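Asks: Sequence:
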Amino acid sequence: MAKSLVIVESPAKAKTIGKFLGKNYKVVASVGHVRDLPKSKMGIDIENKFEPHYITIRGKGSIIQELKKEGKKAKKILLATDPDREGEAISWHLAHILSVDETEKCRIEFHEITETAIKNAVKKPRTIDKNLVDAQQARRVLDRLVGYSISPLLWRKIRKGLSAGRVQSVATKLICDREKEIEKFIPQEYWSILVTLSDQENQEAFDAKFYGNAEGKLELNNKGEVDEILNKIASRPYTVTDVKQREKKRNPYPPFITSSLQQEAANRLGYSTKKTMMIAQQLYEGIDLEDEGSVGLVTYIRTDSTRISEEVKKSTKEYILKHFSEAYLSKEEKEFKASKDAQDAHEAIRPTSIEREPDRIRASLSNEQYQLYKLIWERFLASQMSAAVYDTYSVEIQNGDYIFKASGSKLVFDGFLKVYTYASVSDNKIPAVIANQVLSQKEIVPKQHFTQPPPRFTEATLVKELEDKGIGRPSTYAPIISTILSRGYVEKESKAFKPTELGVIVNDLLEEYFKDIVDEYFTAELEKQLDQIEEAKLDWIKVIDDFYNSFAPSLQHAEEEIEKIELVEEVTDEICEECGKNMVIKYGKFGKFLACSGYPECQHTRPLVHKIGVACPKCGGDLLERRSKKGRLFYGCGSFPKCNFMLWNKPVDEKCPECTALLAEKTTKKGTFIQCTNKECKYKRAVEKDE
Numbered sequence: 020m021a022k023s024l025v026i027v028e029s030p031a032k033a034k035t036i037g038k039f040l041g042k043n044y045k046v047v048a049s050v051g052h053v054r055d056l057p058k059s060k061m062g063i064d065i066e067n068k069f070e071p072h073y074i075t076i077r078g079k080g081s082i083i084q085e086l087k088k089e090g091k092k093a094k095k096i097l098l099a100t101d102p103d104r105e106g107e108a109i110s111w112h113l114a115h116i117l118s119v120d121e122t123e124k125c126r127i128e129f130h131e132i133t134e135t136a137i138k139n140a141v142k143k144p145r146t147i148d149k150n151l152v153d154a155q156q157a158r159r160v161l162d163r164l165v166g167y168s169i170s171p172l173l174w175r176k177i178r179k180g181l182s183a184g185r186v187q188s189v190a191t192k193l194i195c196d197r198e199k200e201i202e203k204f205i206p207q208e209y210w211s212i213l214v215t216l217s218d219q220e221n222q223e224a225f226d227a228k229f230y231g232n233a234e235g236k237l238e239l240n241n242k243g244e245v246d247e248i249l250n251k252i253a254s255r256p257y258t259v260t261d262v263k264q265r266e267k268k269r270n271p272y273p274p275f276i277t278s279s280l281q282q283e284a285a286n287r288l289g290y291s292t293k294k295t296m297m298i299a300q301q302l303y304e305g306i307d308l309e310d311e312g313s314v315g316l317v318t319y320i321r322t323d324s325t326r327i328s329e330e331v332k333k334s335t336k337e338y339i340l341k342h343f344s345e346a347y348l349s350k351e352e353k354e355f356k357a358s359k360d361a362q363d364a365h366e367a368i369r370p371t372s373i374e375r376e377p378d379r380i381r382a383s384l385s386n387e388q389y390q391l392y393k394l395i396w397e398r399f400l401a402s403q404m405s406a407a408v409y410d411t412y413s414v415e416i417q418n419g420d421y422i423f424k425a426s427g428s429k430l431v432f433d434g435f436l437k438v439y440t441y442a443s444v445s446d447n448k449i450p451a452v453i454a455n456q457v458l459s460q461k462e463i464v465p466k467q468h469f470t471q472p473p474p475r476f477t478e479a480t481l482v483k484e485l486e487d488k489g490i491g492r493p494s495t496y497a498p499i500i501s502t503i504l505s506r507g508y509v510e511k512e513s514k515a516f517k518p519t520e521l522g523v524i525v526n527d528l529l530e531e532y533f534k535d536i537v538d539e540y541f542t543a544e545l546e547k548q549l550d551q552i553e554e555a556k557l558d559w560i561k562v563i564d565d566f567y568n569s570f571a572p573s574l575q576h577a578e579e580e581i582e583k584i585e586l587v588e589e590v591t592d593e594i595c596e597e598c599g600k601n602m603v604i605k606y607g608k609f610g611k612f613l614a615c616s617g618y619p620e621c622q623h624t625r626p627l628v629h630k631i632g633v634a635c636p637k638c639g640g641d642l643l644e645r646r647s648k649k650g651r652l653f654y655g656c657g658s659f660p661k662c663n664f665m666l667w668n669k670p671v672d673e674k675c676p677e678c679t680a681l682l683a684e685k686t687t688k689k690g691t692f693i694q695c696t697n698k699e700c701k702y703k704r705a706v707e708k709d710e
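Add 19 to the 1-based position in the sequence shown for my numbering, that's all there is to it.
Just so you know, the hints here were simulated from the structure itself, not pulled from any lab data. Note that this is a predicted model, so its numbers are computed, not measured. Here a beta-carbon is modelled for each residue, glycine too, at the ideal position from N, C-alpha and C. It is possible that part of the hints are untrue.
With a Cα cut of at most 27 Å, we get these calculated DSSO-like pairs of lysine-lysine [as the list claims (entries may be wrong)]:
hint, residue 1, residue 2
1, LYS611, LYS630
2, LYS514, LYS393
3, LYS142, LYS92
4, LYS228, LYS267
5, LYS138, LYS92
6, LYS45, LYS138
7, LYS611, LYS294
8, LYS34, LYS293
9, LYS685, LYS199
10, LYS91, LYS242
11, LYS514, LYS488
12, LYS511, LYS685
13, LYS511, LYS669
14, LYS293, LYS685
15, LYS514, LYS701
16, LYS228, LYS466
17, LYS79, LYS91
18, LYS637, LYS674
19, LYS514, LYS669
20, LYS143, LYS22
21, LYS34, LYS87
Simulated DEER-style distance windows between Cβ atoms [stated by the list, open to error]:
hint, residue 1, residue 2, range
22, GLU351, LYS674, 52 to 60 Å
23, ASP565, LYS466, 51 to 59 Å
24, GLN694, ASP592, 29 to 37 Å
25, GLU354, GLN694, 42 to 50 Å
26, ARG704, TYR618, 43 to 51 Å
27, VAL628, LYS424, 46 to 54 Å
28, LYS556, THR624, 47 to 55 Å
29, PHE355, LEU288, 20 to 28 Å
Sequences are here, hints too, so could you generate the full structure?
Replies: Structure, rendered in structure tokens:
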């Protein structure tokens, strides 16, 4: 008997789904896209309503032949690609290649790879949604028009190998703009006064901060103002004038959407967006569990919705009652507010079964899979639990004309914090004091501060910025970041993005001649128009036509006006080992490198390295600043491979006072520290301002 053919995108997904569907179905993988625009040319017929010219992707011939062969034998073809625009487009291309009628109900959709979801999906096939296909096609055509028009211009005007992308260029601009803010920033001096007070009866001390006077908060701008206050309050009593105590609730976080998962995985686990999505895809497509076989552990991972089905809410409620108590169950129905631009096409990212506890299935997972699954599982379960409850205290203390304030809190019920171990728990206790009570001063510390420039974007904060500004969609954040790194327009320094010289040059050119392309509001508006195409409210050809009518004149103007930009080659003191001439710094696909100034007669090149003035503790050689294949900064011995000493944190030319090992500088959320590189030594100190 002929079998039904089910086509998915990945072999891992095929394996999992095949187990659920049984012998009457054959499940095969297309291994991603099968057709695309040609790489060698534009592939868009601008004169003929922007008709795309699709070709079979090189290397996919054997896969397509196998799909056609299986398709001829099948009684029915079901296209089961991902439930998003790109997945719909892949199904549309597969239908074209396999000669499947577009009016046929050949498309199945599911949002989790579980037996129930798959079996329900095959019972309810639908036709291919051409609106979704048109929205994806419009994005592809827009990106091709921009990339294949501006990139050749950059080759001619700057140097070969450069490229420009529609959304990636906006991300690069955000990073360049932030760097300009940092460079222009002028620190402003300000001061604080912290006084340590104690209850004279039990001697329990607590800290209070200078606030101001009866008229309101006072800003302390210089040492003179601080000294004047210190003189006035010296030897005067501190009297409690007001005590407020109240209950404060801390509500659970919503379940993950794509962007919040990427941000939390970066902050809590140190994962890049690319790594997060790769691991999440594995969890979605299926993991071999010891007692169940291959099963999808999480729901679809590209989503902007915090919505949860009623059935899942019910099963989660039962789990909370079974494993905790009724006190841990949220009293009201949880409704989390989605972004105003959310498409709300899929549920939030959640475990497919709350009963699959991370520790129970840990043996079947790699360490990275376990960490990410645990993050998703805990976040989802916590989202359905009750709020944590704190008792908070605020105390107002008067000394003469001046007011100091202290606040504290005590956790009285942990609620969702019992489950979500990644959340910080603040418990800052202060002693019980009463109005009119006189306190004694133990210590008073005036401190000078300077305002700080805005921080550089990390992967987490860049994703948040893109999401807040409506640039890109859940499936595009990771590719955007990978692209701007691989092009050499930005680099990472202490986990933060910094534009390269090349990135600044390209961004400045695009800002001057293609203002709309790098304008965040214009790009966000285009994203909304793509959504409207999906909703059948706009025609995709009209959207492209409107865009091109303003883009084409800009392109012509840039071609005529931009002069050839000569990237000045910086001559170094390094001498070519082959001909004796000076080496110059050049730019390549992977960043800067050293090349002989005698080129083309001498073609000797070598990596550009930076000595940091610190000796290798292992062999005495120079420690060099290097970059890994993924662009991450590290510090390794110049004698490699003879000596393999390396550090991720920047070494300092100083020995540990406790064990004499090398010290290194490390920056965290709490500040910058100097710490020992010897893992067994606990020496650590905060970096002083003058260091």
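Asks: Indicate, hint by hint, whether the structure satisfies it.
Replies: Hint by hint, here is what the structure shows:
1. Restraint check: the Cα-Cα separation between LYS611 and LYS630 comes to about 15 Å, which is no more than 27 Å; the hinted pair holds.
2. Proposed proximity of LYS514 and LYS393 is supported: the alpha carbons are some 24 Å apart, at most 27 Å.
3. Distance check on the hinted pair: LYS142 and LYS92 sit about 21 Å apart at the alpha-carbon level, within 27 Å; holds.
4. Between LYS228 and LYS267 the alpha-carbon distance is near 22 Å, which keeps this suggested pair within the 27 Å criterion.
5. Restraint check for LYS138 and LYS92: satisfied, since their Cα atoms lie roughly 22 Å apart, inside the 27 Å limit.
6. Of the supplied pair hints, the one linking LYS45 and LYS138 holds, its CA atoms being roughly 14 Å apart against a limit of 27 Å.
7. Restraint check for LYS611 and LYS294: satisfied, since their Cα atoms lie roughly 26 Å apart, inside the 27 Å limit.
8. In summary, the hint linking LYS34 to LYS293 is supported, as the alpha carbons are separated by about 24 Å, within the 27 Å threshold.
9. Restraint check for LYS685 and LYS199: satisfied, since their Cα atoms lie roughly 25 Å apart, inside the 27 Å limit.
10. A threshold of 27 Å between alpha carbons decides the hint, and for LYS91 with LYS242 the separation of about 85 Å lies outside it, so the pair is violated.
11. For the proposed pair LYS514 and LYS488, the alpha carbon gap of about 22 Å is at most 27 Å, so the pair holds.
12. Annotation: proposed proximity of LYS511 to LYS685 holds, straight-line Cα distance about 15 Å (limit 27 Å).
13. With a C-alpha separation of about 14 Å, the suggested pair LYS511 and LYS669 falls inside the 27 Å cut-off, and the hint holds.
14. A threshold of 27 Å between alpha carbons decides the hint, and for LYS293 with LYS685 the separation of about 24 Å falls inside it, so the pair holds.
15. For the hint linking LYS514 to LYS701, the alpha-carbon distance of about 24 Å falls within 27 Å, and the restraint holds.
16. Only pairs whose Cα atoms come within 27 Å are accepted, and LYS228 paired with LYS466 is accepted, the gap being roughly 11 Å.
17. For the hint pairing LYS79 with LYS91, the CA-to-CA distance comes to about 18 Å; that is within 27 Å, so the pair holds.
18. The suggested pairing of LYS637 with LYS674 holds, with an alpha-carbon distance near 13 Å, which does not exceed 27 Å.
19. Of the pairs offered as hints, the one joining LYS514 and LYS669 holds, with about 13 Å between alpha carbons and a cut-off of 27 Å not exceeded.
20. Between LYS143 and LYS22 the CA atoms are separated by roughly 17 Å; this keeps the pair inside 27 Å, and the hint holds.
21. Distance check on the hinted pair: LYS34 and LYS87 sit about 20 Å apart at the alpha-carbon level, within 27 Å; holds.
22. A hinted range of 52 to 60 Å for the beta carbons of GLU351 and LYS674 is consistent with their spacing of about 59 Å.
23. Judged by the Cβ atoms, the range 51 to 59 Å given for ASP565 and LYS466 holds: they are separated by roughly 57 Å.
24. A hinted range of 29 to 37 Å for the beta carbons of GLN694 and ASP592 is consistent with their spacing of about 34 Å.
25. Between GLU354 and GLN694 the Cβ separation comes to about 45 Å, which falls inside the hinted range of 42 to 50 Å.
26. Look at ARG704 against TYR618: about 48 Å separates their beta carbons, and that is inside 43 to 51 Å.
27. Roughly 53 Å separates the CB atoms of VAL628 and LYS424, a value that falls within the hinted 46 to 54 Å.
28. For LYS556 and THR624, the hinted distance range of 47 to 55 Å is satisfied, since their beta carbons lie about 54 Å from each other.
29. Roughly 23 Å separates the CB atoms of PHE355 and LEU288, a value that falls within the hinted 20 to 28 Å.
The structure fails hint 10 only (numbered hints given earlier).
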